[in-house]
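From just these sequences and the hints, can you work out the full model?
One-letter residues, chain by chain:
Protein chains: 2
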Amino acid sequence: MVDIATRVYNHKWKVDTIVRSLIDTDFYKLLMCQSVFRNRPDTTVTFSLINRTKSIRLADLIDEGELREQLDHIRTLRLSRGESTFLRGNTFYGKRQMFRPDFMEWFEGLQLPPYHLEKHDGQYELTFEGKWPEVMMWEIPALAVLMELRSRAVLRAMGRFELQVLYARAMTKLWEKIETLRQIDGLKLADFGTRRRHSFLWQDWAVQALIEGMEGKFIGTSNCLIAMRREVEAIGTNAHELPMVYSALANSDAELAQAPYQVLADWHEEHDGNLRIILPDTYGTEGFLARAPEWLAKWTGIRIDSGDPATGAETAIRWWKARGEDPQDKLVIFSDGLDVAKIAELHAQFAGRVKVSFGWGTMLTNDFRGLAPNDGLAPFSLVCKAISANGRPTVKLSDNPNKAMGPADEIARYKRVFHVGEQAAMDVVV
Amino acid sequence: MVDIATRVYNHKWKVDTIVRSLIDTDFYKLLMCQSVFRNRPDTTVTFSLINRTKSIRLADLIDEGELREQLDHIRTLRLSRGESTFLRGNTFYGKRQMFRPDFMEWFEGLQLPPYHLEKHDGQYELTFEGKWPEVMMWEIPALAVLMELRSRAVLRAMGRFELQVLYARAMTKLWEKIETLRQIDGLKLADFGTRRRHSFLWQDWAVQALIEGMEGKFIGTSNCLIAMRREVEAIGTNAHELPMVYSALANSDAELAQAPYQVLADWHEEHDGNLRIILPDTYGTEGFLARAPEWLAKWTGIRIDSGDPATGAETAIRWWKARGEDPQDKLVIFSDGLDVAKIAELHAQFAGRVKVSFGWGTMLTNDFRGLAPNDGLAPFSLVCKAISANGRPTVKLSDNPNKAMGPADEIARYKRVFHVGEQAAMDVVV
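Going down the list, the protein sequences come from chains A and X.
Residues in the first sequence are numbered from 1 upward in steps of one, following the working numbering.
Residues in the second sequence are numbered from 1 upward in steps of one, following the working numbering.
Honestly, the hints are just simulated from the structure, not real lab data.
Fair warning: there could be bad hints in the mix.
[What the hints assert, rightly or not] Ranges between beta-carbon positions, derived for each pair:
#, chain 1, residue 1, chain 2, residue 2, range
1, X, Gly65, A, Val8, 36 to 46 angstroms
2, A, Asp63, X, Thr53, 37 to 47 angstroms
3, X, Thr180, A, His419, 52 to 62 angstroms
Every residue, glycine too, gets a C-beta built ideally from N, C-alpha and C.
Right, dumping it as structure tokens:
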């Protein structure tokens, strides 16, 4: 029996929308948004989309009208009653009412601010400007829309069975990864792949496959909507945008040097337990840890998001020991450039010495390498970053100079203030 | 939107039926049935299911109650009005009204006769007895039911995503075969996989994949129902049961020696063109061709179904030349033990010398080798054959002694009458 109503309903959509919910975003955006809403609500920021993979000419692949339709649709979204109830009522990391009533009230009224879109040299220049708590909520949906429109542009040329086999191959590939990973004793792994996903449905499939296939070693997803629908834990803490904006707002070198710690001081007031995770690499991990205040060593763990991950973890272990902490009580979350072999290698090196966890991103939700003609569906490196705050440019150094961003003179200043010396360059694949 | 009515409808089936139509069968069964209905309608035959792969203990895998439910359901099937219209109205091989009105009237009233089911030593003993035109229609549905119940028994232990990945792998495997085969210039290939299919839905998927993927090199399917639904040609001619039953009915060695030719004489009266295909191997190809009447060399082609296929085709080519026929005008259909490499090899050897066509069976519709734990879904060799006619045992020799069947003394007699000497034994995989 054909369900006529469903068919008619599906066909009356003027546009096949990609982002259909304000919580189809990373959970840590909500956590950070609440923190920003409380501590720096009136900061004016600009976020900008940056395609690091110049060879993929997004403006040639993706129709501007289609892109605008998708972005316009996101501006029509409002938090639904069920989503609000979920956020208000859920227990995250064992804590009830993680989201304060004043934040929830604000979130229920949120409409994403206007966007600015231009084409330059085969790329889209997509920027968002306005109050920080509003603008920051564009990051993940903007990335998801661009990623999925690029997928669709490539898929459009394929036949019906060619498409089915494409997904059959992608499923097989992911399942084989799961079959390998689940053999690792004591593994803990989360989905961090929202921002670089092939498509929403594919991320949703991947999460469900992990639930069935990982036999308890899958601990949750960063995607708030999928966490709600699939009844798994929403996972996440904080990201570089906090120290980047706090640092841009600093009025002197002395204030700048303290800015990253001020972020964590604000965070410390609000959160405990698994949410107290240090992200140390914004302006170099070594220096950040060396000059960190005493209380930071008491935090639950650290997230390693750039540079050589083993080096980063060893640095953290030495730091904890120097501060009189037992590394075995500490959590190390790896979240950069992971795939099966790297996860296995890092787990073998660090399990037992610290608590280890993995935030698996692009190679979980977008490993379509080798599956389409001319490798047209291979993932690429798209980011959406705060580039200025109250008119001042932001800077990111990270532990990999290839991930650095900001004006050259400001980068030089930050390197001086944060005592960052020579860094090992690593390819940024995705 | 969930379609409640569909869901309720699906759940009210007491049994998930495997065969849902009397034309979910090989087209040549219908052609042969019409011939039998006209020429030998009152012959009493016994058909029996034989599992050549003893290591697969079907009676341990498959619940007897479930098997009976499926077989009982088949006995409730009647030719539907649309199916009857399709058979009456369709053009097969360019010929209108291939099925005579008296046969269609009989077919519209057909109910399959009772079955007899016992268990012996881990195997089912499933037999059908009655009038030849009725009993012969059990062959394909009986095989399809046993094959699919075995698949289900193995699938039952698998999880939801494990299942999805199983089919993803099977699809990928088949699609890769299609990608290889479609590169062969001038290839012509048909689906002959009904009897050994993994499941009905899988065969239907395979046919659709061939339609899209083979770019015109796919010429049709032996499955009459799928041919109707997917609007492709129904393909088939005749099979061993005709000479086997005719031979069993022979009253003397002299009559026996003529029986296989009598089959084709009856066929010759009814059919021309692409339906005049010789199946020469029932009692040895060499002798059959050597003693064949002159008019047989005028037939359209030959089907090679046992023994070494290249040897069989070379034998046919020599025979045509000896009878003054040009092999380039003749069609050779290969239909035994085919997979991609063998198809490519035979095509390279014979294309241009004769017209070549392939009837691809088990490795098209049931290549689940290596896809389930303990290789539990690997295809196996199940047949359903006429074992007696009017109380006399049937005999098949074929060009491979491992495919021979019948009582030992009768086999010896047939070998003498048909001058069959030493034969090369070949493994029967499926």
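Consistency of the hints with the structure:
| no. | hint | result |
| --- | --- | --- |
| 1 | X:Gly65 with A:Val8: 36 to 46 angstroms | holds, 42 angstroms |
| 2 | A:Asp63 with X:Thr53: 37 to 47 angstroms | violated, 56 angstroms |
| 3 | X:Thr180 with A:His419: 52 to 62 angstroms | holds, 60 angstroms |
This entry does not satisfy hint 2, going by the numbered hints stated previously; all others are met.
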